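J.: Produce the complete structure using the sequences and hints provided.
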Amino acid sequence: MLIYWRLRLIGKKGRAGKASGVADGYRIKLKKVQVGEIVLRNVDAFVFQGNSPATILLGMSFLNQTHMDNNNNLMVLRRKF
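The letter at position 23 of the sequence shown is residue 54 when you use the working numbering, and the numbering goes up by one with no holes.
Read the hints as simulated data drawn from the structure, not as lab findings. Quick caveat, the model's predicted, so the values are computed rather than measured. Even for Gly, the Cβ is constructed at its ideal location relative to N, Cα and C. A few of these clues could be false.
Unchecked claim - Below are the DSSO-like pairs computed for lysine-lysine, each with C-alpha atoms no more than 30 Å apart in a straight line:
#, residue 1, residue 2
1, Lys49, Lys60
2, Lys63, Lys49
3, Lys60, Lys111
4, Lys60, Lys44
5, Lys111, Lys43
6, Lys62, Lys44
7, Lys49, Lys62
8, Lys111, Lys62
9, Lys49, Lys111
10, Lys43, Lys63
Said to hold, decoys possible - What follows is a set of in silico ranges between Cβ atoms, one per label pair, in the way DEER data are often shown:
#, residue 1, residue 2, range
11, Asp55, Leu105, 30 to 38 Å
12, Gln96, Gly52, 21 to 29 Å
13, Asn103, Asn82, 30 to 38 Å
14, Met106, Pro84, 15 to 23 Å
T.: Now the structure itself:
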């Protein structure tokens, strides 16, 4: 897991919106993101400062590269490209 001092070295400081409002953090590029059999490389990401949200969320930089289908209340992702 990246720690904040390392983010300052590799990321670009910025602000982004989340459910509770706008917060500070760092824009970074993830070398690899894997969800099940879907593997994407060089995915843009934003790491918020602080402890919220405690759960890692998939952002649109990942989800825009997938097809999302609802199959009997189950979200199914398939890679677009």
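J.: Kindly indicate which numbered hints from before are broken by the structure, ordering the numbers from low to high.
T.: Nothing - there is no hint that the structure violates, so all of them hold.
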